[in-house]
Amino acid sequence: MLKRAGMCKRIRYYDIGFNLSDPMYQGVYRGKRYHKADVERILERCKESRVERMLLTGSSLVEVRQTIDLVDQYESLAKGLGLGLYYTIGVHPCCVNEFVTEEMMTLAEPSNDEAMNQALDVKDVEVTRTRLVELYQLMRERQEHDGRLRAIGEIGLDYDRFYYSGKNMQLLFFKEQLKLSCMFPDIPLFLHMRNCHSDFIGILGQFVEGFPDSEDRFRLKELILDTEHKDRMLDANGYPYYKFSDVRKFVVHSFTGTPNEMEEYLALSPNCYIGMNGTSLKHDYNIDSVRRIPLDRLLLETDAPWCEIRRTHESYPYLVQGEGDMPWLKEAYPDLDQWYASVKRDKLAKLDESKWAHTMVKSRNEPCTMGQVATVIANIKNVPLDELLEQVWLTTCSVYGD
-6 MLKRAGMCKR IRYYDIGFNL SDPMYQGVYR GKRYHKADVE RILERCKESR VERMLLTGSS
54 LVEVRQTIDL VDQYESLAKG LGLGLYYTIG VHPCCVNEFV TEEMMTLAEP SNDEAMNQAL
114 DVKDVEVTRT RLVELYQLMR ERQEHDGRLR AIGEIGLDYD RFYYSGKNMQ LLFFKEQLKL
174 SCMFPDIPLF LHMRNCHSDF IGILGQFVEG FPDSEDRFRL KELILDTEHK DRMLDANGYP
234 YYKFSDVRKF VVHSFTGTPN EMEEYLALSP NCYIGMNGTS LKHDYNIDSV RRIPLDRLLL
294 ETDAPWCEIR RTHESYPYLV QGEGDMPWLK EAYPDLDQWY ASVKRDKLAK LDESKWAHTM
354 VKSRNEPCTM GQVATVIANI KNVPLDELLE QVWLTTCSVY GD
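Under the working numbering, read the sequence shown as residues -6 to 395, first letter to last.
Don't read these hints as lab results, they were simulated from the structure. Any given hint could turn out to be false.
[Unchecked claim] Cβ-Cβ distance ranges computed for the label pairs, FRET-style:
| no. | residue 1 | residue 2 | range |
| --- | --- | --- | --- |
| 1 | 115 | 348 | 45 to 53 Å |
| 2 | 105 | 32 | 26 to 34 Å |
| 3 | 278 | 106 | 29 to 37 Å |
| 4 | 219 | 285 | 42 to 50 Å |
| 5 | 288 | 188 | 20 to 28 Å |
| 6 | 277 | 116 | 42 to 50 Å |
| 7 | 70 | 229 | 51 to 59 Å |
| 8 | 70 | 134 | 18 to 26 Å |
| 9 | 285 | 188 | 14 to 22 Å |
Quantities reported herein were computed from a predicted structural model and do not represent experimental measurements. Using N, Cα and C, we set each Cβ at its ideal position, and we do this for glycine too.
Could you build all of it, start to finish, from the sequences and the hints given here?
Below is the structure:
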């Protein structure tokens, strides 16, 4: 129904940020079910819109396992559609409380208690070490047996959401997870940062330069001794020594900082890249960041179900420049004659399921909107869309693999 004849080989998308474990894709919004899961339809829209590769993000120990299960569940369908589904392993800064409490965390369940979060500390080193070892073992098992693991993440700092977790816990477990990552020197990183530039770049800089850890609070040396990297990761005194390998690549995803901050990250290491989505295109200074980023350091994403481009964003005029209501459609989506319909979340279940394939849920972003993100960035940079996408595809594959 929606397909247009003809192919354009260079129009293809690699979404490096897809939160498929979010309850919205199971039809659950803020704890209430409105419709059944529609993941099959979402993947079919990916096929039609040429989103050929997707990196599914892990946010907590629970959600990482949910994500792996989802990749397993939909792998056959995805392969039949010509899609690649990959995943990350790591604990999001908003979920790091799970390292010090008995409760497991998810992004759908904030504590909403900033005072408690700020006061939280490591009370039982063994409980925390057990969680870190659990994370390490999951990374190691998957690295050895599953090529679909493509990144360690989503890890980092988020100073906009202390109602999830406090600053001290975020700082501590960003560093501890980066230490674990040094035991997997070839796996790239998928990094989260919000309103935390000074601390964030300071910590990354430590790992770029290298440093010994004489305290070894959580006895990670015992893990190091069990790896093939023990000679590289112990200093002359036998202390753990943490340094990113020369091949370690890392992406600051969903970048919303200033142009100067972006350039500081890019100057930190030639292996640093920037990921941009709809939220990365919200303000005037974001537009300037797009103009200034080198094409070969740029990756694209949706961060679905979040971070869609909105009419109120400064970037919106760059999406609709041209003739017609949707001037971006023909070039960004060569196989579509028209864009998908959308309904409110409580209306989808009332539709005949024959219409679900061509119906999105309003305010629930999907990977199929990658073409909109790419169109905006191409227009801001005044670069042909196919040229931009060819470079972004090559860059993304060099970081996270084809």
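Status of each hint after checking the structure:
1. For residue 115 and residue 348, the hinted distance range of 45 to 53 Å is satisfied, since their beta carbons lie about 52 Å from each other.
2. Look at residue 105 against residue 32: about 29 Å separates their beta carbons, and that is inside 26 to 34 Å.
3. A C-beta distance of roughly 33 Å is found between residue 278 and residue 106, which places it inside the suggested range of 29 to 37 Å.
4. Checked against the hint of 42 to 50 Å, the C-beta distance between residue 219 and residue 285 comes to roughly 44 Å, which is consistent with it.
5. Under the hint 20 to 28 Å, the C-beta atoms of residue 288 and residue 188, about 27 Å apart, fit the expected range.
6. Under the hint 42 to 50 Å, the C-beta atoms of residue 277 and residue 116, about 45 Å apart, fit the expected range.
7. For residue 70 and residue 229, the hinted distance range of 51 to 59 Å is satisfied, since their beta carbons lie about 53 Å from each other.
8. In this structure the supplied range 18 to 26 Å holds for residue 70 paired with residue 134, their Cβ-Cβ distance being about 25 Å.
9. Here the CB-CB span from residue 285 to residue 188 is close to 20 Å, well matched to the stated 14 to 22 Å.
Against the hints set out earlier in the document, no violation occurs for any number.
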